[in-house]
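> Start from chain A and add chain B according to the hints.
One-letter residues, chain by chain:
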Amino acid sequence: MLVLSRKKGESIIIQDQIEITVLAVEGDTVRIGISAPKHIDIYRQEIYASIQEANRESAAPLAANVEAFMERLRNSGAKKD
Amino acid sequence: MIIQTSIWGDIEVQEQEIFHFPKGLPGFENEHRFALIPWEDTPFIYLQSLQEPELSFLLVNPFLFAPDYSFELPEADREELEIQEQVQVYAMVTIQKQVSQSTMNLLAPVVLNPEIKTGKQVVLHQSGYKTRCLIWPEEQLESAKGGV
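Taken in order, these protein sequences are the chains called A and B. Residues 1 to 81, numbered by my numbering, are exactly what the first sequence covers, in order. Residues 1001 to 1148, numbered by my numbering, are exactly what the second sequence covers, in order.
Because the hints were derived from the structure by calculation, they are not lab data. Glycine residues also receive a C-beta, built at the ideal position from the N, C-alpha and C atoms. Among the hints, a few may not be true.
Residues from chain A that face chain B, not an exhaustive set, calculated with beta carbons under 7 Å [claimed, not checked]:
no., residue
1, P37
2, K38
3, S50
4, I51
5, N55
6, R56
7, E57
8, S58
9, A60
10, P61
11, N65
12, A68
13, F69
14, R72
Over the 10 Å line for every Cβ pair with chain B, so calculated as not near, a few chain A residues [claimed, not checked]:
no., residue
15, R6
16, I14
17, D16
18, G27
19, I47
20, E53
Which stretches of chain B does chain A cover? Using the computed rule of at least three CB atoms under 8 Å from a CB of chain A, they are [as the list claims (entries may be wrong)]:
no., stretch
21, 1020 to 1033
22, 1048 to 1056
23, 1078 to 1092
24, 1096 to 1102
25, 1105 to 1111
26, 1128 to 1136
Pulled out of the complex, with its shape left as it was, chain A reads as follows:
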């Protein structure tokens, strides 16, 4: 991991296309501005991780669970207005 120090208002350039600027530092919170091409997806790490985790849990549901789910669906079908 590359480690470097930046002051408020200073920035970092990654691959001449992505610019990360330190906008403000307040206590233990750093506000960052990111300029990047549109096709680059930018996520808060914990949000991306939570989606990865949810996807892994959703992947290839067990046939038995799908069967139970289907049963549940049939029962609710009549109730749904």
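The following block gives chain B in isolation, referenced to the frame of chain A:
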């Protein structure tokens, strides 16, 4: 074409049911081609990887279970998917052991462009939606009465 699946064995899918996910899905970044296989007579549909027979996801039309669900598709995602007019939105389902507690991911819907057959799981930043929203929230209330 014939594709392999762990749930139904070898099945035939039509070319128009195959979607390309250029970035894959979070957690499955190397899976780029999926077939959409409808679960007949239900609002559910399977997203089956063409590369990995074992890999499939259950998707649902989220608006049916969350009628208030709404979001603005970010401009960058719209451009990436080259959406002109048609768009399809699905939520990924997680079937829980207790099926009535099953959830859908409203934070990161699967958005498809049916015209050019591309797809992406879009993350709705700052939307307040969660990755695990109960499909049948009323049951949560009922079961919570005694517990909490």
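> May I ask which of the numbered hints given earlier this structure violates, with the numbers listed in increasing order?
1, 19, 20
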